[in-house]
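Please build the complete structure, drawing on both the sequences and the hints.
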Amino acid sequence: MSVLHIVNKSPYERHSLDTCLRLAKPDSAILLIEDGIYAVQQNSATSSKMQQALSNHPVYALQPDLEARGVNPDNMIDGISLVDYDGFVKLTTEYDRLQSWL
Amino acid sequence: MKFAILVNEGPYTHQASDSAYHFTEALLRAGHEIVRVFFYHDGVNNGTRLSVPPQDDRNISERWSALAQQHDVELILCVAAAQRRGLLDDDEAKRAGKDSNNIAEGFQISGLGQLIDAGIQADRLIAFGD
Chain A
1 MSVLHIVNKS
11 PYERHSLDTC
21 LRLAKPDSAI
31 LLIEDGIYAV
41 QQNSATSSKM
51 QQALSNHPVY
61 ALQPDLEARG
71 VNPDNMIDGI
81 SLVDYDGFVK
91 LTTEYDRLQS
101 WL
Chain B
1 MKFAILVNEG
11 PYTHQASDSA
21 YHFTEALLRA
31 GHEIVRVFFY
41 HDGVNNGTRL
51 SVPPQDDRNI
61 SERWSALAQQ
71 HDVELILCVA
81 AAQRRGLLDD
91 DEAKRAGKDS
101 NNIAEGFQIS
111 GLGQLIDAGI
121 QADRLIAFGD
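Just so you know, the sequences run in chain order A and B. First residue of the first sequence? That's 1 in the working numbering, and the numbers climb one at a time after it. First residue of the second sequence? That's 1 in the working numbering, and the numbers climb one at a time after it.
No wet-lab data here; the hints were simulated from the structure. Any given hint might turn out to be false.
Think about it this way: if two alpha-carbon atoms lie no more than 30 Å apart in a straight line, the pair counts; the simulated DSSO-like pairs of lysine-lysine are [said to hold, decoys possible]:
#	chain 1	residue 1	chain 2	residue 2
1	A	K49	A	K25
2	A	K25	B	K98
3	A	K90	B	K2
All values reported here derive from a predicted model rather than from experimental measurement.
So this is what it looks like as structure tokens:
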């Protein structure tokens with residue numbers, strides 16, 4: 001059963017991304033929204049963790065939330081894909097279960 | 001596909017209410033069916049009709065009401081969460097001896113069973129919160 005894990009908190013604020021990455025099965029994907037966006041940045045305290053995650057899972061980030069935070073897409077870790085809300089909806093249909101890490 | 005949406009956070013707090021709204025709009029754009037939007041915990045504050053945000057800001061409860069009206073989306077406030085936070089419809093106001101209701105157009109008060117039912121009916125349940 002495939003799962004889309006949705007993380008909405010900054011990795012510098014809460015441990016939800018860590019917990020998610022520890023428990024996510026290999027056939028599941030990670031979607032970063034809201035303050036979860038801050039995990040996309042290269043050369044950051046969390047970038048090696050995210051690079052590791054990318055070798056096991058597809059990782060997506062919600063573009064409007066990235067733009068709202070002024071995070072430059074050029075500064076994103078390679079391999080993370082941007083989606084808009086329509087892409088977000090499409091992802092939720094492609095995975096069997098949706099797990100929001102609130 | 002059938003979707004159920006759970007909103008656990010109030011308006012103008014972090015971003016959950018906005019995210020849930022934009023996601024719901026995108027669902028409708030894609031032609032999906034929305035079984036129900038269930039507002040729980042502080043999420044019930046989305047259903048007030050007395051919110052008066054500045055004119056250049058979004059009006060979150062009016063925006064939900066408009067969505068309900070235009071697309072026949074069911075908006076449910078959890079009764080226990082709503083009573084605690086002073087969100088009352090006519091019946092609840094009368095029962096509690098209060099002088100007014102304050103529920104926005106398109107919202108209804110119902111029980112937690114409606115969340116379980118939405119989860120059973122829908123192909124996907126998505127939660128937005130803090």
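Checked hints:
For the suggested pair K49 (chain A) and K25 (chain A), the alpha carbons sit about 16 Å apart, so the restraint of at most 30 Å is met. About 51 Å separates the Cα atoms of K25 (chain A) and K98 (chain B), which puts this hinted pair outside 30 Å; it is violated. Proposed proximity of K90 (chain A) and K2 (chain B) is supported: the alpha carbons are some 13 Å apart, at most 30 Å.
In the structure shown, a violation is registered for the earlier hint numbered 2 alone.
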